[in-house]
Amino acid sequence: MAALCLIALALISLFIGPRDIAFDSFAAALQAYDQYDAEHVTLMQIRLPRLWAALIAGGALGVAAMVMQVVTRNPFADPGVLGINAGAAFFLIVGTTLLGRADEAFVAVFAFPGAALMALIVFALGGGFLRDINPIRLVLAGVAVNALLASLLTALVLLRQDSLDVMRFWVAGSLSQATTRPLFEMSLIALAGASLAMALATRFEAFALGGDMSQGLGVRPGRVLAGALIVVTLCAGAAVSVAGPIAFLGLIVPPIVRVLSPGDLRLGLLMSAVIGALILLFADVLGRVILSPLEVRAGIMTALLGTPLFLWVARRMSPGQVS
Amino acid sequence: MIGGAATVVAAPAVFAQERALVFEHIFGETRLTRPAKRVASLGYTSHDALLALGITPLCVRHWYGAHPNGIWPWAQDRVGEDPPLELFGEISAETLAALEPDLIIGLGSGISEAEYALFSQIAPVLMHKPEFGAYATPWREGLRMLSRAVDRVERAESVIADVDTGFERLRHAHPDWSKNTAAVGWHFGGQTGIFSKDDSRTQFLMELGFQTAPGLADLNAIDGFYATLSPEDLSLLDTDVLLWISTWDENPDLVDLPMRRTLAAHREGREVFSDHVLSGALSFNSALSIPYAIERLEPELIAALDGTPETIVPSSQKAGLTK
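So the sequences go chain by chain: A and B.
The first sequence begins at 1 in this note's numbering and counts up by one.
The second sequence begins at 1 in this note's numbering and counts up by one.
These are calculated hints, taken from the structure and not from any lab test.
Be aware that one or more of the hints could be misleading.
Calculated pairs, SDA-like style, for lysine to any residue (alpha carbon to alpha carbon, straight line, at most 20 Å) [stated by the list, open to error]:
1. B/Lys-129 <-> B/Arg-148
2. B/Lys-318 <-> A/Asp-103
3. B/Lys-197 <-> A/Leu-294
4. B/Lys-323 <-> A/Asp-34
5. B/Lys-318 <-> A/Gly-100
6. B/Lys-323 <-> B/Asp-249
7. B/Lys-197 <-> A/Pro-293
8. B/Lys-318 <-> A/Pro-293
9. B/Lys-323 <-> A/Gln-35
10. B/Lys-323 <-> A/Tyr-36
Can you make the complete structure from the sequences, with help from the hints?
Following this line, the structure appears as structure tokens:
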């Protein structure tokens, strides 16, 4: 059902936008692409890459968020807690400030390594390499690192006008740069992360049972948590490289999935990918038409859509309930 | 108190001079008892006006770009023996007081009324007139205001006359430009936009005789001095000459922008690329930066508008906009 919605919305997204495009232009663009034809360019260079980016970023964020919430047993854990978004932003802004560049190729090179490195640092600070591993400690380390990076970032952008310009465009995540983002590479990375998540799904579930129970099932907490970290880093890192930080998506996908399909985490992960892609695509399409010809960035739309949804979820949740 | 009143009554000549040094502005009125000698410049571009009048300010406000003492190349040779202090970020009242100014230029600084009140305890502060925005005082108006405060009114008039002669010379040499339309565009952070008709960059081209893009007047410039265009439709930029403004010397994202290739201005070689310093000159729009911009742009505009697509526009070729 959700998958059918996604396919329908994907098709709609190709035909909705400020420029009206005749149906037969699509066939023409596929058969004989003309780089001087504005309709062809709109379809092939703007709407198709955007659709692709929405599917990767939304799907990957959905998977990352689900794994994150299951493993930390915290319904408010977002991949951002691991410092992924802040790490990507920090690398980007430091790079821009030092090297005086801010073009898309540059963004592509800096965002993912920044995200991955910061996730590793948070993992280490949270005691990830110690025997006595604890998800709460991991989240606390993430909160501390995020706060530090946020203040360093603020200091940098207050001093440098050009860094501020880079920051303010990047920080409201958007799919409008999809054409120039490393879509293919990030698709592979997200796919690797999602496959690992599927392979480890049963161990994540056992780990989520906690302490003695999970050890009774033969789960090694350190390894499971490291696996989760890799999944979240690959998926959320790919998403942030493609779309920038997308607000709220990571928070709202898992609760919706739990309502729609409680139980098996593998099915839950698939659902998370579909629902994540669906919401992000919907946000992007809506952002394209709501103030047309102006665009509202997808990251802003997800926050606008996500807030009421999140409050609804929070009200339904009974205290102490884990998943 | 009686003594003070007696001085005013007894010295009508001084009183007349004082009358000339009253400045009405957005935050009220500033009076100078005598023309200023030690001037602190807080506006992002106001130091150019002071340098044009032959006064090296005690400090300049860093806007963007890395230039010695915050002075851009077109104004460097005007700096006196004591180069100004470059102020970054928020203005510290302590730093300002240590400079011991007898006048503070708040014109184009964007300081708040509270900051105005605080800095006024250090020295009299000049602000913009209520009819202009914080950053929108026309350069002639600003120059005249400052020239009164430093008692160089005649010099200001001769500076203005020189700049106007420069505009006049180009209009006279290229009368056909008045039949051409021109637009000023930017591409940054995945977004493409056009500067509005009231923006100084557009005004600059109008002073050279050009007409604005048809439809620009009706454009809802939601962002103030510029408007963001839908990536699917950049036709508003498709004028007889299209000037691209860029913060950087290179703009690979603009070069790669697929929709740009659908513009006739691109296909017919009528794009001009404005690099870091030239864009800075157009953005400063000062008595010193305008002559620099005129000198650099004239050959570019001639090449763009010579009626043959084959003629290479040097800046466009250098930036990679045309092959």
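Is B/Lys-197 close enough to A/Pro-293, meaning Cα to Cα at most 20 Å? Given that 20 Å is the threshold and the Cα spacing comes to 19 Å, the pair holds.
Checking one constraint from the list: CA of B/Lys-318 to CA of A/Asp-103, max 20 Å. Satisfied? holds (17 Å)
So if I understand the rule, the pair passes when the alpha-carbon distance is 20 Å or less; does B/Lys-323 with A/Gln-35 pass? holds (15 Å)
Given the proposed pairing of B/Lys-323 with B/Asp-249, does the C-alpha separation stay at or below 20 Å? holds (17 Å)
Given the proposed pairing of B/Lys-323 with A/Asp-34, does the C-alpha separation stay at or below 20 Å? holds (18 Å)
Taken at face value, is the distance from the CA of A/Pro-293 to the CA of B/Lys-318 at most 20 Å? violated (32 Å)
Could you grab the alpha-carbon distance between B/Lys-197 and A/Leu-294 and see if it respects the 20 Å cut-off? Satisfied, since the Cα-Cα distance of roughly 18 Å is no more than 20 Å.
Within a Cα-Cα threshold of 20 Å, do B/Lys-323 and A/Tyr-36 meet the stated pairing? holds (16 Å)
Against the 20 Å threshold, does the CA-CA distance of B/Lys-129 and B/Arg-148 hold or violate the hint? holds (15 Å)
Run the distance test for B/Lys-318 versus A/Gly-100: straight-line Cα separation, threshold 20 Å. holds (19 Å)
Figure legend: structure checked against the earlier numbered hints; the only hint not met is number 8.
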